[in-house]
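**Student:** Using the sequences and the accompanying hints, generate a full structural model.
Protein chains in written order, with our numbering: chain S, 458 to 564; chain L, 44 to 643; chain X, 6 to 440; chain B, 139 to 238; chain E, 14 to 321.
None of these hints come from the bench; they were simulated from the model.
Treat the hints with care, since some could be wrong.
[Said to hold, decoys possible] Quick list of simulated restraints, FRET-style, between CB atoms:
(1) E:Thr250 / S:Glu544: 18 to 28 Å
(2) X:Asp356 / L:Lys491: 52 to 62 Å
(3) L:Glu179 / X:Leu62: 53 to 63 Å
(4) S:Ala485 / E:Ser248: 18 to 28 Å
(5) E:Phe211 / X:Lys334: 50 to 60 Å
(6) S:Glu466 / X:Gly218: 42 to 52 Å
(7) X:Asp401 / S:Ile539: 55 to 65 Å
(8) X:Asp356 / E:Thr250: 47 to 57 Å
(9) L:Lys288 / X:Asp96: 34 to 44 Å
(10) X:Asp356 / L:Asp448: 18 to 28 Å
(11) X:Leu62 / L:Ile290: 40 to 50 Å
No experiment lies behind these values; they were computed from the predicted model shown.
Where a beta carbon is used, it is the ideal one built from N, C-alpha and C, also for glycine.
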Amino acid sequence: MKTINKDKEAKKTAMKELRGLRKNLIAAASSTMKIQKKDMAAIKTFLKGEAATIPEISARIDMPTDKTLWYMATLKKYGQIIEGEKEGAFFKYSLNEPEKTQEKAEA
Amino acid sequence: MSEKNQNVGVYICYCGGNISDHVDVEEVRNRVEKMPGVAVARTEMFMCSDPGQEMIIEDLKSGKIDRVVVASCAPSLHETTFRDAIKRAGSNPFIYEHANIREQVSWVHHGDTATDKASVLIASATAKAKLLKPLEPIRVEAKKHTTIIGGGVAGIKTALDIAQKGIEVTLIEKSPVLGGQLNNLDRLAPFGEKASDILQELLDQILNHKGITIHTDCKIEDVTGYVGNFSLDIVTKPDNNNINKKITIDTGAIVMATGSVSYIPFDGEYGFGRHKEVITLKDLIHILKENKSSGTALEVNGKRIKNMVMIHCVGSRQIPGIHHPKENGQLNEYCSRTCCAAMLNASNQIRANFPETGIYEMYRDIRTYGRGQEELYNQASKNKVVFMRYDADAQPEITLGSSSDYPLLVKIKDSLTFNEQMEVPADLVVLATGIEPDDVSDLASMMKLPIGTDKFLLEVHPKLRPVEFPITGVFLAGTCQAPMDVGEACNAAGAAAVKASALLSKGYIELDPFVAQVDMDKCQGHGACVEACLKEGALELTEVNIEGKIHKKARVTAAMCLGCGACAAVCPEKAIDINGWALKQYEDMVDAIVSDGFAA
Amino acid sequence: MVSTHIKNFDTLVVGGGIAGLQTALDLGDQGYRVAVVEKDASIGGKMIRLSKVFPTLDCASCITTPKMSAVAHHENITLFTYCELNSLDHDGSGESQGIKALITQNPRYVDPVKCIGCRQCEYVCPVHIPDMEQGGLSATKAISIPFSNAIPQLPIMDIENCMLCGQCEKACPTNAIDYFQKPEEFTITAKTAVITTGFDLLAVKDNVQYGNGRIPNVIDSLQMERLLAPHGPYNRVLRPSDGMEPDSIAYVQCAGSRDKSMGVSYCSRVCCMYAIKQAMLLSGSLPLADIIIYYMDIRAFGKGYEQFYQNAKAMGIEFVKAKVARIDKGENGSAQVRYELQDGSGIATTDHDLVVLSMGMVPGWNPEPICPVSKDSDQFITSIKPKISPVLTNMDGLFVAGAAAGPKDIVDTITESGSAAMEAAKFMSKSLMEN
Amino acid sequence: MSLVNLDFAEELKEYSGDTALECFNCGTCAAICPLVNDNFPRRMIRYIQVGAREKILENSDELWRCLHCGLCTHTCPREADPGEIILGLKRFVLANWRKS
Amino acid sequence: MFNPRDIIEILAANVRQTKSPFGIPKFMVNTWYKDHSLPKEGEYLLFTGLMYQFSPFIETSTQYLEKYEDTKTADYLKYAKWVPGYISGMGLAMMTKGKEKRKAGQPLKNIAYLLQKSKVNFGYRPDLDNYSGILLYDMGDQKGFVAHAKKVAQKLKNAGIKKIITTDPHTAYALKELFPKYTGISFDVKPYFELLNFEPKDCGLEVTLHDPCFFGRYLKASDITRKQLSNMGISVTNIRNQGEFTSCCGGPAESISPSLSNEIMDKRATELEEPGKPIIAYCPICLGNLKKSGAAVEDLSTLLARHA
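**Tutor:** Below is the structure:
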């Protein structure tokens with residue numbers, strides 16, 4: 458038991474060291490992640506009400522269309538969004554409800 | 044054959060949309076799951092990928108299943124892939140059945156029809172799979188010897204490669220000399236090596252190689268046997284005593300390297316045969332090779348050439364409705380690949396050595412695709428060759444010129460000059476005649492080799508098996524397959540050689556065991572099967588001593604059996620059947636297809 | 006870190022694309038022991054990233070995955086993926102003129118033995134990064150398996166974008182995550198080596214005339230392959246700026262080929278055919294779209310290629326003989342191509358929803374200063390006998406195949422790989438006889 | 139119908155560099171030209187290639203719309219130097235005028 | 014469009030008679046140096062080629078020509094060459110406002126100041142500073158150009174000049190590339206901005222730089238200007254057509270077709286205005302022409318002199 462604890466301690470210290478070494482990278486990744494989380498949440502919140510096209514979503518949540526599409530492709534890949542009917546030259550997207558687990562992702 | 048219910052695993056492939064765009068794969072899976080005997084039914088984006096194969100292996104290992112059906116593309120593509128996977132799971136590879144739901148379903152049907160047909164095909168495959176039994180491949184001894192048919196550059200190179208691997212080689216050439224088309228060439232595009240030097244280097248090697256036997260001036264009379272044990276009867280031309288020598292060659296593998304010939308324009312094509320000033324590229328290369336010109340202009344038949352016109356794509360890239368087919372109806376729709384570089388190469392030689400000879404090249408597309416070839420085109424421009432471009436439906440016209448200086452006038456609607464009609468006075472017109480395969484239809488039918496619509500020999504698949512025929516043990520290399528330049532033909536030769544070497548290196552070959560098998564108890568020795576057999580030597584009646592009595596019984600030579608089933612069809616006792624394709628299996632398959640349950 | 010770890014083989018194949026796989030198979034089938042060293046995390050090279058391939062329109066995966074799988078399971082072949090080749094030269098030590106290569110195994114931060122490829126780490130990872138396997142058009146995670154049919158099925162952790170949050174470690178059912186993994190060096194010795202390092206495309210961002218990659222909806226041909234591929238970023242063809250289904254798609258040929266001012270002076274050999282192929286696939290998935298190919302010469306020279314080209318014309322794909330001089334940003338996300346009307350009627354500017362640049366091919370690997378093998382002025386590896394054996398290099402026992410020796414299509418690459426395997430085998434049986 | 143004439147390129151040598159025949163008529167120069175929205179300068183270069191001397195003289199005014207900004211030469215895939223060719227044609231035409 | 018033949022013959026006659034394409038005598042044009050005490054001798058000779066000095070006259074003549082383009086009057090132009098250059102040129106000179114003339118000299122004063130501040134050892138000799146003849150070359154009057162260039166080069170050579178500083182791209186190109194080729198006389202030619210040498214600084218400015226064709230493309234000097242600017246903490250916006258891919262301002266077309274010139278100028282001005290930053294030119298023709306479009310543009314030397 459004691460050795461396990463000792464290993465755990467050693468690992469903890471090592472992780473701390475590693476975090477120190479990669480401080481800048483971690484900070485950058487964290488802020489990227491936070492923005493992504495917020496952006497994707499905005500898309501998903503909007504889609505709770507209705508299915509919509511990329512330009513519609515973009516206009517509503519004030520995000521460039523290319524960025525919206527990038528998120529949409531990603532959310533779709535990980536099974537959180539599904540593609541619906543086409544409206545004009547654009548496809549409508551809606552939430553995958555009930556949100557299936559990611560096992561389905563990218564079959 | 045045991046009738047006990049087997050546990051079949053069915054694996055259905057999306058083929059990345061190739062199948063799933065038209066077949067509702069998940070619906071098929073739901074239906075399959077309910078079929079009798081099916082233990083598991085699974086789907087995967089690419090069943091042939093590693094995760095797909097792993098799925099099958101796991102199910103086999105865990106004992107969930109003992110028969111496998113994969114529903115995907117044509118079995119010609121991936122049957123071996125899945126058999127190998129089953130082998131890796133420690134099972135017998137012949138407990139496997141394939142349902143083709145791509146070529147036979149998704150590529151030709153849409154919507155519900157497609158989903159229904161896929162279900163039916165899988166039901167039928169499952170019915171068959173239940174009756175599959177483990178089989179052992181047929182092992183035949185293979186003669187460590189290869190026969191190359193054709194002594195051009197591809198044939199010589201194949202022979203050398205195989206011989207240098209320690210396998211004996213016989214090279215057969217119908218003409219009196221080796222070298223094929225290389226004998227007709229001079230400086231080779233794009234780097235300018237002399238064809239004769241290349242040939243000499245190859246000949247030096249091949250003539251000194253102890254493992255290579257060469258027969259020139261001979262004809263192939265017959266080809267028999269099967270992979271590892273082919274037999275070729277050849278006859279040499281009459282010798283001084285007017286005697287034809289007959290030779291039989293026993294060989295393990297055969298490489299077709301029968302090469303190509305130059306297209307001969309029909310009478311009047313671009314004035315060919317009507318005006319002596321119209322010649323072919325082959326003629327021009329011959330003139331350059333002889334090099335009888337002195338001074339600053341190219342001389343042809345003692346005449347100084349001032350303006351020569353070179354016309355590309357003669358006998359190549361022909362279009363139905365625009366070009367005239369040959370007498371046999373053949374239209375060469377393919378690109379001959381080598382002529383652009385060869386023309387530019389000749390132009391550069393002429394412009395460099397004979398600056399007084401002006402050159403006009405009339406082309407459709409300049410196809411200098413290969414390494415060093417675009418530079419050849421660039422160089423031709425630097426050498427002041429004038430290029431003019433015509434459309435396929437507005438070919439240049441050759442007419443008589445009005446001056447004695449220029450006996451011909453070539454008219455062209457030149458798309459580079461804004462589609463204006465242009466006239467070029469010429470005292471020589473050179474036609475870039477393309478490549479046609481040498482006619483080997485007799486050999487091909489003797490050996491049952493496929494020929495494509497372009498009349499070239501046809502490989503199994505350009506990427507999966509580019510140098511192989513469907514007949515195991517027969518390969519192809521060089522321009523009998525498609526137009527190629529010397530380097531490409533040598534690469535093809537290497538590729539064919541590596542396949543032949545791998546095949547023969549073990550000394551034996553394993554063949555699929557889908558051959559006729561006789562039930563000795565049932566066989567009454569009628570001999571109907573022997574009569575029906577399509578492959579001479581595959582079936583015979585032998586006398587068997589059973590408990591002191593001599594009985595006639597049919598015997599199968601497995602290595603020769605085609606597995607065609609002609610014998611099974613005629614046996615009154617149903618004493619002969621095909622392994623893996625038994626009559627009962629057919630019956631069950633038909634039952635599965637006609638039963639209503641499996642389609643929606 | 007110097008390692009004395011030495012692995013011995015008959016042949017070292019550098020590059021695990023289609024050329025390397027075919028070479029390895031052709032050698033392995035003859036009983037030679039082969040090592041395949043690949044810089045990427047998966048074997049399969051460019052081909053596994055393609056949609057369908059000309060002229061048969063087989064899906065690229067259908068041809069590549071079985072070869073990948075065959076290599077991975079071959080008893081005579083060993084794979085080393087995600088590896089850096091540090092040096093490759095004759096082995097000076099001893100009598101033999103064998104090959105010696107120093108290699109670094111890059112850390113995946115995942116234990117390859119423990120990992121079962123379940124992708125739980127990828128699902129829980131909170132950081133999204135542009136998925137370069139998808140031309141950057143969609144995202145993957147900071148730890149992920151490169152693509153669905155990758156071999157091996159091992160994830161890679163991108164430490165540049167990792168927050169060290171520990172979620173993947175928690176999710177991993179087999180304790181395979183190892184944040185402390187270090188690069189490992191090892192040595193491979195072999196009798197022969199085959200260079201099959203393939204090609205790269207010139208970068209759109211370096212092309213001023215076509216907008217330095219800053220004009221929306223101007224993409225390169227490999228990105229279009231992804232849009233058309235079954236696992237593509239959108240699972241259909243949409244234009245990247247706003248997800249519109251394009252109505253008008255243009256191909257710009259010789260974008261950086263046959264043009265020293267823009268890239269390279271040679272012909273990249275495959276662009277005509279893949280543009281025609283993509284155009285055909287597009288007209289299948291977008292039957293109403295206008296598809297135009299701007300070209301200088303159509304180079305459909307291979308077996309069945311010319312017929313393929315004529316079929317495309319018959320299908321209504323438009324071929325315009327012109328070299329696009331420049332591309333500008335048009336209205337509403339369109340890209341505007343400018344070219345000369347060669348019939349003499351002036352200059353045209355045409356708007357397209359999506360423009361695909363058939364970028365030129367350049368070598369995927371520079372031997373300098375890793376290996377003393379020569380390159381030509383075109384920067385591809387020199388073939389010393391382009392007629393009798395195009396796979397021979399100026400280094401004894403070292404051969405080359407595929408696009409490493411100049412742009413080449415898959416058919417020609419596979420044939421050449423067989424030829425390289427043959428030369429390597431001959432070289433080994435020769436030295437066997439001499440010894 | 140016009141008859142091609144190789145001698146014209148020779149005649150021009152006196153006035154300009156000798157690169158007109160290196161052009162492979164891709165049309166980049168015409169389409170990149172910021173000054174003239176026409177088939178210029180390729181039209182002129184092609185006329186040199188096929189020796190259409192009279193056509194050049196007929197359309198000679200067009201030459202002076204070129205300001206030698208050099209963009210065509212800079213982007214020419216063949217390094218045929220269209221800018222210099224046009225300059226040479228200006229010299230040729232001017233010499234012709236002055237002769238007349 | 015005017016008949017090029019007429020224009021060329023006028024220019025050629027002017028250069029022959031007055032050494033100036035516009036027929037304006039040098040003493041009326043080259044006045045900028047008079048308020049300064051510039052050394053006459055130095056390692057380098059400052060050689061303006063009179064291009065900055067000519068620019069206001071070009072503008073006046075263009076306004077004049079613009080009125081007549083594509084009118085019947087345009088045809089009378091062919092008679093203009095029979096009018097002695099001095100007379101027509103003086104007329105042009107008189108029509109041009111004195112204020113404009115003084116303004117045109119300002120960049121040169123700035124350049125002299127910048128060079129002095131950079132401690133460049135140079136001299137200025139008005140007697141050696143002549144028009145390079147470049148316009149004749151561009152127009153295809155090879156003979157006229159060579160005859161003129163030979164005189165100019167010979168004079169410099171006779172004065173023992175080896176190193177030259179130029180102020181504009183056209184003169185730089187003529188001296189650097191054309192003189193050696195056509196007169197057989199070579200000099201070590203440097204544009205002034207290559208020789209500047211200031212302490213690094215942070216002005217915190219951003220500008221849009223219009224590279225002239227001859228500096229950007231022919232002489233590949235656009236990196237040097239960027240380096241100088243970055244040294245002063247002035248960043249340059251990235252526009253589509255810059256450096257070797259710069260786009261013509263339309264200036265040189267003025268004499269043949271003012272309307273064409275205007276069209277090109279407007280297109281370029283729009284491009285330059287897009288980033289919304291101050292526009293900097295470094296060629297008198299570009300400067301004059303872009304100003305005409307109404308764009309807020311100033312000369313590189315002015316910007317540098319303000320911040321150096």
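**Student:** Are the hints correct? Go through all of them and say.
**Tutor:** Results for each hint:
{"no.": "1", "hint": "E:Thr250 / S:Glu544: 18 to 28 Å", "verdict": "violated, 39 Å"}
{"no.": "2", "hint": "X:Asp356 / L:Lys491: 52 to 62 Å", "verdict": "holds, 56 Å"}
{"no.": "3", "hint": "L:Glu179 / X:Leu62: 53 to 63 Å", "verdict": "violated, 38 Å"}
{"no.": "4", "hint": "S:Ala485 / E:Ser248: 18 to 28 Å", "verdict": "holds, 24 Å"}
{"no.": "5", "hint": "E:Phe211 / X:Lys334: 50 to 60 Å", "verdict": "violated, 38 Å"}
{"no.": "6", "hint": "S:Glu466 / X:Gly218: 42 to 52 Å", "verdict": "holds, 50 Å"}
{"no.": "7", "hint": "X:Asp401 / S:Ile539: 55 to 65 Å", "verdict": "holds, 59 Å"}
{"no.": "8", "hint": "X:Asp356 / E:Thr250: 47 to 57 Å", "verdict": "violated, 26 Å"}
{"no.": "9", "hint": "L:Lys288 / X:Asp96: 34 to 44 Å", "verdict": "violated, 52 Å"}
{"no.": "10", "hint": "X:Asp356 / L:Asp448: 18 to 28 Å", "verdict": "violated, 52 Å"}
{"no.": "11", "hint": "X:Leu62 / L:Ile290: 40 to 50 Å", "verdict": "holds, 45 Å"}
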